[in-house]
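Chemist: Letter by letter, the chains look like this.
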Amino acid sequence: MLILECPYCGVKAEESELHAGGEAHLKRFGPGSSDAEFHDYLFMRKNPRGVHFERWRHINGCGKWFHAARCTTTLEVFGTYSAQTLEPPQAIRDAVSAKRPGWSWRDLK
Amino acid sequence: MKRYSVFAVAREALRYHSGWERAWRSPTAKRHYDVIIVGAGGHGLATAYYLGKNYGITNVAVIEKGWLGGGNTGRNTTIIRSNYLQDPSAAIYEKARGLYENLSQDLNFNVMFSPRGVLMLAQTQHEIRGYQRTAHANALQGVKTEFVSPQRVKEIVPIINLDGPRYPVLGALWQARGGTARHDAVAWGYARACSDMGMDIIQQCEVTGVRVEGGRVAGVDTSKGPIDCDKLGMLVAGNASVLSEMAGFRLPMESVALQALVSEPIKPCMDVVVMANTVHGYMSQSDKGEMVIGGGTDGFNNYTQRGSFHHIEETVRALIETFPMVSRLKMLRQWGGIVDVTGDRSPIISKTPVGNVFVNCGWGTGGFKSIPGSGWGMAELMATGHSSLTEAFTIDRFKEGQFIDESVAAGVAH
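Chains as they are written, first to last, in this note's numbering: chain A, 1 to 109; chain B, 1001 to 1414.
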């Protein structure tokens, strides 16, 4: 069972209390972008076998969106962090590096 | 290959069954093949089979990371139906259903196709309108379905409870020639027929890289060494993203877990397949007597072939209202598979940005029922470069906005 700690209310929430929101840190493309950029923004999602960064919502709790770093092959959780950031904070990246040396995700290392 | 027949059974009965041969060979890989198929599941083996049968291409290797039919082919709930709303979907699923009808004779392997009928319950006003629309669309597509009344539902499924407090049964979409088949046997039958045509099925051979030279595929690197090929077909379901990145392109899909479970065996009580899509549960009874139950996918990316327990709880809870007798059943076992889901919940059967690389993935939760049709179309695409059965399922449809939107249009659980 997947358990994520909500970084806002501090509750260790079990999966049925949460709602998965897909890939995190998407860069928006809209009017003025190229067709290829808009296509990728709409449809192309990172689908890694390993380290993944995701959006989650504490839907049956405080209701807030947050981010989680997770492994898709072991369901191990590296940490959760605030949604008010454009990329994972250094502490989360260090936590991932400690357990998965050499990981990469998009252009992050 | 020695054919299976009643005479073979009689002959072997008289000599202590000492004469049965292995159903397929396990050769070591050659250095070069005309076509390499990655993934020895139903879709991969069916593609190889129709490449040989319809186009005479038999210098083919089917490479499998694990064991033959050990992925989603051996993990699904074996439902076969073709009552889809959109024309391209109905065409390929109906092609598959039609091929299933004679597949046992075609392969000389009993796939136990049982056209027992598939009933999709309408439990809201919205679903009534949706399924009536599907029934009309199916009439135009030449797929035989009908919308039936609650009384007819009760005749077909006596164990059903029509007036549940939350979701009464208001009617149903009935496809009398839908049904089930033995999923393992489909993979085994295709494997045996492929092996008989001289194709090599190489198990426990993981692809570690795809070699591309001058924009075209040159071969693959595997855990058993490099193998060259002229054409490459990728039919690896949940792992399609990983394999496509090896070849240098991306796919618009995500991999999530889908679960199923079976109960203890009980006496025959339901001789059709029933799907309840509003509450998201579906059920049939296997030949062994187990109730085979499936539900919805998990919500997050996952490669573990394990699902979340609360999804099973929700599925069974939903079915208890419609089938009160389920509440007394013990569940025997539960398992999960990794399904590849695209934005419009329809598959991708397409050429790719890399020359002579073809991809067939994104079947999501509807892969088993489509195996023969998918293999038929994929073989035509790989052999001739074009297939009318698969042309709508190209990768480019997302860029062009030409979705085959089964998730929104039909509101069905696949």
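Read the hints as simulated data drawn from the structure, not as lab findings.
Don't be surprised by glycine CBs; every beta carbon is placed ideally from N, CA and C.
Treat the hints with caution; some may be incorrect.
To be verified - The following label-pair restraints were derived from C-beta to C-beta distances:
hint, chain 1, residue 1, chain 2, residue 2, range
1, B, Asp1396, A, Val77, 32 to 38 Å
2, A, Leu26, B, Asp1405, 17 to 23 Å
3, A, Glu76, B, Trp1020, 44 to 50 Å
4, A, Pro31, B, Arg1317, 43 to 49 Å
Chemist: Are the hints correct? Go through all of them and say.
Modeler: Here is how each hint holds up against the structure:
1. Evaluation of the 32 to 38 Å hint for B:Asp1396 and A:Val77 yields a pass: the beta carbon distance comes to about 37 Å.
2. Roughly 22 Å separates the CB atoms of A:Leu26 and B:Asp1405, a value that falls within the hinted 17 to 23 Å.
3. A beta carbon spacing of about 46 Å between A:Glu76 and B:Trp1020 agrees with the range 44 to 50 Å that was offered as a hint.
4. Judged by the Cβ atoms, the range 43 to 49 Å given for A:Pro31 and B:Arg1317 holds: they are separated by roughly 45 Å.
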